[in-house]
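Work out the full structure: start from the sequences and follow the hints.
Chains as they are written, first to last, in my numbering: chain A, 17 to 408; chain Y, -13 to 320.
Hints are computed from structural coordinates only; laboratory data are not their basis. Ideal Cβ positions, reconstructed from N, Cα and C, are used throughout, including at glycine. Any given hint could be a false lead.
Stated by the list, open to error - Below, computed lysine-lysine pairings styled on BS3-like, alpha-carbon distance capped at 30 Å:
(1) A:K70 / A:K89
(2) Y:K134 / A:K70
(3) A:K89 / A:K197
(4) A:K89 / Y:K27
(5) Y:K27 / Y:K17
To be verified - Here are the in silico distance ranges between beta carbons for each label pair:
(6) A:D141 / Y:V117: 53 to 59 Å
(7) A:D120 / Y:V106: 31 to 37 Å
(8) Y:Q135 / A:N77: 36 to 42 Å
(9) Y:L140 / A:M17: 46 to 52 Å
(10) A:N77 / Y:L159: 54 to 60 Å
(11) A:D380 / Y:Q135: 46 to 52 Å
(12) Y:V117 / A:D200: 43 to 49 Å
(13) Y:V117 / A:T72: 29 to 35 Å
Unchecked claim - Some chain Y residues judged to face chain A by a derived CB distance under 8 Å, without partners named:
(14) L210
(15) P231
(16) I246
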Amino acid sequence: MGNVTLEHITKRYDDVTAVDDMNLDIRDGEFVTFVGPSGCGKSTTMETIAGLTKPTEGTINISGRDVTDLPPKDRGISMVFQNIALFPHMDVFDNISFGLRLRDYDDEEIQRRVDHAAEVVQLEDMQDRMPEEMSGGQRQRVAIARAIVRNPDVFLMDEPLANLDAKLRVHMRTELQRLHKELDTTIIYVTHDQAEAMTMSDRIAVIDSGQLQQIDPPLVCYNEPANKFVAGFIGSPSMNFVDGEVTADGFESEHISVEFDPATAGVSVGSQVTLGIRPEDVYEVGKVSTVEDPTAEIDARTDVLEPMGNEVFIYLLLSEDAEASMDSTQSDDQLLMSTDPDTTLGENDTINVVLDRSKVHLFDAISGEAIAHGLADPTDASTAETGVSSSD
Amino acid sequence: MSTDQPTETVLTDDDEEPEIDRGPFEAWAAKAIQNPKRAYKALFYTATVFFLVTTLFPFYWLFMVALTPRDNLQDVGLVPSGFDPSLLAQGDLTMGTNPGVIVDVFTLIPFHRYMFNSFVIATVTTIVVIVVASLAGYVFGRLQFPGKQPLMLLVLIVSFFPPAAFFIPLNELFNTNVDVLRPILADGSLYNTPYAMVIPFSAIFMPLAIFILTTFYSQIPDGLEDAARIEGTTRLGALFRVIMPLSAPGVATAGVLTFIAVYNEFFFSFLMTDGSANNWAPIVDGILQYQGQYEVLFNVMAAASIIGVLPVAILVVVAQEKIVSGLTAGALKE
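Here it is, written out as structure tokens:
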């Protein structure tokens, strides 16, 4: 019950391919999140699962049944929408019981189920309110109650928290997790907010340009991204990327060099690669006691400081003539580091930084595929962790 | 001499103008120049009063004609001829008028049957138009398909033809005996049946309804339809359970316009039946029945006209609530 399988799902509009050969296997009771930038096809994928859109190719199985040609109402699913989509001409009770009434449940059963659903979302006393008399959070909870009242096999949630204010969103996030624990039903959740994806899901499916990039538990996506897109998308602020070349000694670029043994890392000498390093894995020299395996020192000049309270983001320029660009993490002569809030650094200070070699990622410069996660000091080859861990 | 007099007045007016001593109208004009809102307000009231008088005066006139006793019909004024309030003192509550005409309307001919006929024809036509135009409005307003624009244009073209152009072929058709219809219609022809009016009226008033409903249905957010379909309706179910109720103002507008137009229709109504109440002749036929060979009972006709207008007037007052209210307000968080 409740497992969802997509096989070779492709959705083409006139000249656009929204979803391109998507294969997914979602287990019963799993909380899977689709993340990706706007227009990546995550919502279209969800619509094909819901049955609101028919895939151009491929088959969809829900609970072991082929539902590709079934209308939404016969798929055993329910859905929570980004714009909430409560029926404005019905009160809360009628909204929640809409699906039950359509299925001719008797009045007592409807009342019992609605009461239970309202209790789960903590809206017991509001059953005769109209949607327009409720706050955004309350409306969203009615929508969730409407979804759970039918005991579906699968919940689909299409950015359900996107229209709520920041504080309420965090609150609803924990509510949803509690709900998932309570109901133990498969939830497929679409969001572009990677914080939601990281905190709530059992597995994250990262989607870009209609293609599945990686589906793995959140920390695997974070620590071992399958490719450069996943690496850049998961984590905020984004990972630093530096283009360079593999030499016999390791990675070489204009400003950064990282020594490692190309053979153990599984990369051939002379190939073009992109080095990726997260801001929290860049350390100021002198405060590196925590870094076991630092790389060679890098000269840098601080540009802009962004104090966040619990940490400070520092934009580093690696050369005198480097110009701060909009997307500093993509630039070869800039680095973004995060450091303790008690830093004494100011703007335009000259500092030396090192990278944590065990947290360095290497990606193929052309295909973007991950080559290695974590490099080892060539002098100490025993701790080398190489190759891309398989993503399934 | 008499022609000189006005010129003199004009001259004196001109002379007086520079003086501060203004008449009430001039004072008002001066204030209006200071504060243009006064002028707009005055214009608004003038226009409103003008329209009220021009629309309501005919009803007043009808009412006066209706109350005029039959013998005084040659002499109809602003009050019924023979109206004399002093008669009240003598115990004559009618004050010389003839309120009994309202009874005559129903006793001379079965006018209630004519009203019933009109009401049924208008109601059935409205239902047909709303149902079919809803389906069309849903398709035109919410679906994307090739040929949508040309098809919409085709619907529009139907409404370009004058209804009279359809009359002769339709009359021929409806007078033809069709054997398959014999079990339901006595002689197998549609003449003298409500179908002879419902069918052409539905076609004639359909394009307008389609346009109104297309506009309204296209504005219902997709999310609501999706939600209804997920919850367990078909597309058609979503149309009737969610989209139509939320478009209530549009449906009411289309319905009321169709109902009034059919109820008031003269051309087909007059020609598609033989004018007898039992043959589904509508109100216009009934009113014309008061026209005899030697006498025209204008007072009864006037009373019948007023009675005939009442259902529509009530309908509009009731439906106005729906038309004005915007039910979709606050439907979605934008």
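task: May I ask which of the numbered hints given earlier this structure violates, with the numbers listed in increasing order?
output: 4, 6 and 16
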